[in-house]
Amino acid sequence: MKARFGDLFILLFLESLLFGISLVFLIVEGIIPILAIIIGIILTSLLIVKHEPLNAFLQKAINRHKKLALSWGLVFVLALPFILHKNPYLIHMLFMAGLYAILATGLDFQVGSTHLVNFATAADYGIGAYTAALLSVNFGWSFWVVLPISGLASALFGFLLGLPTMKTKTYYLSLVTIAVGLIIYLLLNNLSWTGGPNGIAGIPFPSIGNFSLGSSLHVFGIELPFQANFYYLVLAVLFIEFIVARRLYNSRIGLAWNAIRDDEIAAECQGINVTGSKIMAFYTNAFFDGLAGAIYAFNVSFISPENFAFMLSVIVVTMVIIGGMGNTSGVILGAIIMTLIPEKFQVVQSYRLWLFAVIILIMLIARPKGLFPQKTRQYS
Amino acid sequence: MAHFFEILFISLMLSSTYILIAVGFTLFFGAIDIVQFAHGDVAMLGSFVGIILYGLAEISGVTKILPMWIWIVGVILGTLIITGGLGVLFERIVVKPFRNSPLLMVLVATVALGIIIRESVRLFYPGGSNPQVFPIFFPQFGFHLGPLYFRVEHLIILGISFLLIIALMIFINRTKMGLAIRAISQNIEAASLMGINPDFAIMVTFFAGSFLAGIAGVLIGTYYNVVRFDIGLMGGIKGFSAAVVGGLGNFNGAILGGLTLGIVETFASAYIPGGTPYKDVYAFIIVIFFLVFKPSGLVGEKVYEKV
Amino acid sequence: MENSLNNQYLLQTQDLSIYFGGLAAINKVNFEVPPGTTVGLIGPNGSGKTTFFNIISGIYKPTAGEVLFNNQNIVGKKPHQITKKGMARTFQNNRLFWQLSILDNVILGMYSKQNARLFDVLFQYKKTRRELEECAERAIEILNYFSPELSEQHSRLVVDLSQGDRRRVEISRALASDPKLLLLDEPSAGMSPEETEKLMEDILKVKEKYKDLGIIIIEHDMMVIEKIAKHVIVFNYGEKIAEGTYSEIVQNEEVLEAYLGEESEDVGT
Chain P
1 MKARFGDLFI LLFLESLLFG ISLVFLIVEG IIPILAIIIG IILTSLLIVK
51 HEPLNAFLQK AINRHKKLAL SWGLVFVLAL PFILHKNPYL IHMLFMAGLY
101 AILATGLDFQ VGSTHLVNFA TAADYGIGAY TAALLSVNFG WSFWVVLPIS
151 GLASALFGFL LGLPTMKTKT YYLSLVTIAV GLIIYLLLNN LSWTGGPNGI
201 AGIPFPSIGN FSLGSSLHVF GIELPFQANF YYLVLAVLFI EFIVARRLYN
251 SRIGLAWNAI RDDEIAAECQ GINVTGSKIM AFYTNAFFDG LAGAIYAFNV
301 SFISPENFAF MLSVIVVTMV IIGGMGNTSG VILGAIIMTL IPEKFQVVQS
351 YRLWLFAVII LIMLIARPKG LFPQKTRQYS
Chain L
1 MAHFFEILFI SLMLSSTYIL IAVGFTLFFG AIDIVQFAHG DVAMLGSFVG
51 IILYGLAEIS GVTKILPMWI WIVGVILGTL IITGGLGVLF ERIVVKPFRN
101 SPLLMVLVAT VALGIIIRES VRLFYPGGSN PQVFPIFFPQ FGFHLGPLYF
151 RVEHLIILGI SFLLIIALMI FINRTKMGLA IRAISQNIEA ASLMGINPDF
201 AIMVTFFAGS FLAGIAGVLI GTYYNVVRFD IGLMGGIKGF SAAVVGGLGN
251 FNGAILGGLT LGIVETFASA YIPGGTPYKD VYAFIIVIFF LVFKPSGLVG
301 EKVYEKV
Chain B
1 MENSLNNQYL LQTQDLSIYF GGLAAINKVN FEVPPGTTVG LIGPNGSGKT
51 TFFNIISGIY KPTAGEVLFN NQNIVGKKPH QITKKGMART FQNNRLFWQL
101 SILDNVILGM YSKQNARLFD VLFQYKKTRR ELEECAERAI EILNYFSPEL
151 SEQHSRLVVD LSQGDRRRVE ISRALASDPK LLLLDEPSAG MSPEETEKLM
201 EDILKVKEKY KDLGIIIIEH DMMVIEKIAK HVIVFNYGEK IAEGTYSEIV
251 QNEEVLEAYL GEESEDVGT
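Residue numbers (our numbering), protein chains in the order written: chain P, 1 to 380; chain L, 1 to 307; chain B, 1 to 269.
For the record, the hints were derived by calculation from the structure and aren't laboratory data. The model shown is predicted, which means the values in this text are computed figures rather than measured ones. Incorrect hints may have been included.
Stated by the list, open to error - Going by beta-carbon spacing under 7 Å, a handful of chain B positions derived as facing chain P:
#	residue
1	Q92
2	N94
3	R95
4	F97
5	W98
6	L108
7	G109
8	A116
Claimed, not checked - Taking lysine-lysine and the BS3-like style, the derived pairs with C-alpha atoms no more than 25 Å apart in a straight line are:
#	chain 1	residue 1	chain 2	residue 2
9	B	K207	B	K227
10	P	K169	L	K96
11	P	K66	B	K127
12	L	K294	B	K61
13	B	K127	P	K375
14	B	K126	P	K375
15	B	K113	B	K205
16	L	K294	P	K169
17	P	K50	P	K66
18	P	K67	B	K126
19	B	K227	B	K209
20	L	K294	B	K77
21	L	K294	B	K78
22	B	K180	B	K207
Unchecked claim - Over the 12 Å line for every Cβ pair with chain B, so calculated as not near, a few chain P residues:
#	residue
23	H51
24	I83
25	I149
26	V180
27	S251
28	I336
29	K344
30	Q349
31	S380
From the three backbone atoms N, C-alpha and C, an ideal C-beta is built for every residue, glycine too.
Looking at chain P on its own, in the form it has when it is part of the complex:
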């Protein structure tokens, strides 16, 4: 009995330590402390991975107290805006990290589980955002109606994009997705009703009853800046997507995707409709990209084609590869890390893309399965 609670306390303590350091990382300025923290975390992780007894102890503790550890983490995540309420910009940063996490988790269905290289994430995202913007600005529809519609519009696009995958092999598929992404960008930039290069402005904040998400939130005597509202919104959608991803993974759908990844012909011979399965990966991914796009549009009030350029697709592909292909939690972590760290390196803001690419190369050569590789499925 004593031992049980003993390792629980150690686990929670370590978790809190990790949260504390992350907080410090978020708040602190200056390149030296930031680098110090990053290096410290890398070294500690290496230590934990290599040191067998420590590693085993932590694994056991996590397995035994999984629910509690996760709940504690959830408490921290929910409490973040309260802790950071004097710093709206940081909350906005976390909001953006959450959006990218939504994009990356969806992309994992294709790139991670099925090895379908899709460079059209920006197109799904953009279609979701523009659908939301157009419906709201032209017809005054409420955010809550527009949100699912944006998801469905993007899903339809994903379905149509998936159709040509029937016959296309890896390189051709990537070329098709690049081409389609560019076509969508060009259309958004040139069609009159999308506003052309000037985009669409004047998207209102969503509201729940009388409360507008654009106004600050008073809870427990603390005034949370309005960015917190969007932070919680993104968290809710990410949470739902996470559950969907876990369920897909632990079902024959996720198994079929992995089978297709490993050997398409053998997969077909087990009764898997490979084409249908691939298309499903496309539209389930696109649906969530669409939701993310709508949320983004209603947050920034003004969108233009520049927000949905090819580079965004490349960045999201990076997040999946670095986070860990086929591992939902890994991908979410990868997305968060790859959004927050470049933000902290404001000095090197213009080097951001260059650094991304170098890191991809290093990861591909050193740890091709990603930071958190896919785990073997468990059955009882």
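Mind docking chains L and B on chain P? Use the hints.
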């Protein structure tokens, strides 16, 4: 009518560029079954190397000492050789490590390479984010022929491209080295049994493809007079598309594909009202059409996967 | 000889042909498999045996001819549809799902028997999970039958296994779908004599457990054919040149001539 010939002329210019880049893609795919997504950026590097070498030639006074045509040829040749070498370097660093890995790896690695090349030029070349003036190598006057007006410079470029492509076809189809390259692109193991060292052969292939890309870079620079760090992205995608439309792995296909894409793009943007911003769209629609309905391309062979 | 399409066969092909370019890889083949019978398919390399498998399992579409499986014409059907109808196969070069566990591979063999659709997975997750767990149990049973070590180590990735174990997993996966017809493509390829002996025992075990199962087995190792196949068909250059019992085939002049010049030291007893 005059308009038509001018458009035709422009489309041939554009096609030559696409062909030169497409051949690289086809060579690489034929040899080791990979697509080098940064190949377009190698062409861009070619144009920048040209600017650098020209600058060096000017500073060192070579331009004053040697007769004009000697140093021009020198600069251009130097550019091409360096670009070829860069291509081999990239292959060693970014492609070779993934020889036995899933295709996904090489694909993403070369995409990353492309970003690194573009961003490196943008960040580290002086004034890199701005368009750079490309040196003038050829005479700058024009003349009238009936209702048509031609610039000598463009005629020279078109002539050079035309000759190059003919030379390329002769080289590939009639010479021993060309035979070796074709053998490699069919079956690298069999070629090795014929005494061709496969690793060396791969390096030669990458040198050749990148050499041609360098030519494309020089041609683009000469025709437009300016180059920018990001011309390689679209150029590479178009070049790859041309290779695919023609039939990936087939040299004649690369030529046909380049012609198709160049002609469609130029004529569509000239004759379809309001078409210019959409010129890329037309090109890509053709590409998507082929990828879906005829992935083996115009002249490619249908390959049956060994089961 | 009468070649009318008949109700009594599990699998029957009539005048089956496939051309690659101008070359006939399979030329007017009539092939019958009675229910519950094991048929051996032999012939020199390149005689079209694997191509034949690829046609009847739906990977290739024949240029001409008919294939009846359980009295249904399956020409033009895709592999996943044919699998659902009760055909399963193994591959010459071992097509397993390398980055998945042994257990997952066998569970995937039961894919066509499962029912979970996207809607079910999202909104009736517990039910789909239960279905998967049941499949896992049955998979363990199948693995247990062949080799208890495999079922014990069921979480190991398939890529880490020996050749013999890989074959066993592939056969388990094929059997998991409860097929009526099993196609085995050179199961003993790359195996030592001891492993081949063990493999033969495994196949006999399969035949004992699944008495109604029809099997077509492609093999170069004649000992395996002799022990397992009741009926033997011989291909050469894409055509059927002989059929009969093993002893009949071995004395057939045309068959011997086809193998003459072949490097195979397995020919003859």
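So, going through the hints one by one against the coordinates:
Hint status for B:Q92 relative to chain P: violated, with the closest Cβ pair at about 12 Å, above 7 Å. For B:N94, the interface hint is violated, since its Cβ never comes within 7 Å of a Cβ in chain P; the closest pair sits about 9 Å apart. For B:R95, the suggested interface contact is upheld, since its CB lies about 4 Å from the closest CB of chain P, less than 7 Å. Given hint, B:F97 at the interface with chain P, holds; its Cβ is 4 Å from that chain's nearest Cβ, closer than 7 Å.
This hint holds: B:W98 has a C-beta 5 Å from the nearest C-beta of chain P, less than the 7 Å allowed. Hint on B:L108 holds. Least Cβ distance to chain P is approximately 5 Å, under the 7 Å limit. Taken as an interface hint, B:G109 checks out: its beta carbon lies about 6 Å from the nearest beta carbon of chain P, inside 7 Å. Given hint, B:A116 at the interface with chain P, holds; its Cβ is 5 Å from that chain's nearest Cβ, closer than 7 Å.
Proximity of B:K207 to B:K227 is assessed by CA-CA distance (about 12 Å); at most 25 Å being required, the pair is judged to hold. Restraint check for P:K169 and L:K96: satisfied, since their Cα atoms lie roughly 21 Å apart, inside the 25 Å limit. At roughly 23 Å between alpha-carbon atoms, P:K66 and B:K127 fall within 25 Å of each other, so this suggested pair holds. As the CA atoms of L:K294 and B:K61 are separated by approximately 18 Å, the hinted pair is consistent with the 25 Å bound.
Straight-line distance between C-alpha atoms of B:K127 and P:K375 comes to about 23 Å, which keeps the hinted pair within the 25 Å bound. Taking the CA atoms of B:K126 and P:K375, the gap is near 21 Å; set against the 25 Å cutoff, the hint holds. Only pairs whose Cα atoms come within 25 Å are accepted, and B:K113 paired with B:K205 is accepted, the gap being roughly 23 Å. Among the hinted pairs, L:K294 with P:K169 is consistent with the structure: their alpha-carbon atoms are about 13 Å apart, no more than 25 Å.
Restraint check: the Cα-Cα separation between P:K50 and P:K66 comes to about 22 Å, which is no more than 25 Å; the hinted pair holds. A distance of roughly 19 Å separates the Cα atoms of P:K67 and B:K126; the hinted pair therefore holds under the 25 Å criterion. Proximity of B:K227 to B:K209 is assessed by CA-CA distance (about 17 Å); at most 25 Å being required, the pair is judged to hold. In summary, the hint linking L:K294 to B:K77 is supported, as the alpha carbons are separated by about 21 Å, within the 25 Å threshold.
Under the criterion of a C-alpha separation no larger than 25 Å, the hint pairing L:K294 with B:K78 is consistent with the structure, at around 20 Å. Note on B:K180 and B:K207: the hinted pairing holds, with a Cα-Cα distance of about 12 Å set against a maximum of 25 Å. Every Cβ of chain B is farther than 12 Å from the Cβ of P:H51; the closest lies at roughly 24 Å, confirming the non-interface assignment. Look at P:I83: its CB is around 34 Å from the nearest CB on chain B, clear of 12 Å, so calling it non-interface holds up.
Once the 12 Å rule is applied to beta carbons, P:I149 is consistent with being away from chain B; the minimum gap is 19 Å. Every CB of chain B is more than 12 Å from the CB of P:V180 (nearest about 24 Å), matching its label as outside the interface. Non-interface status of P:S251 relative to chain B is broken: a Cβ of that chain comes within 12 Å, the nearest being about 4 Å off. With a cut of 12 Å on Cβ distances, P:I336 stays outside the contact zone with chain B, its closest approach being about 25 Å.
Every C-beta of chain B lies more than 12 Å from that of P:K344, the closest at about 35 Å, which supports listing it as non-interface. For P:Q349, the condition that its CB be more than 12 Å from all CB atoms of chain B holds, with the nearest at approximately 38 Å. Consistency note on P:S380: stated as away from chain B, yet its beta-carbon is not over 12 Å from all of that chain's, at 6 Å minimum.
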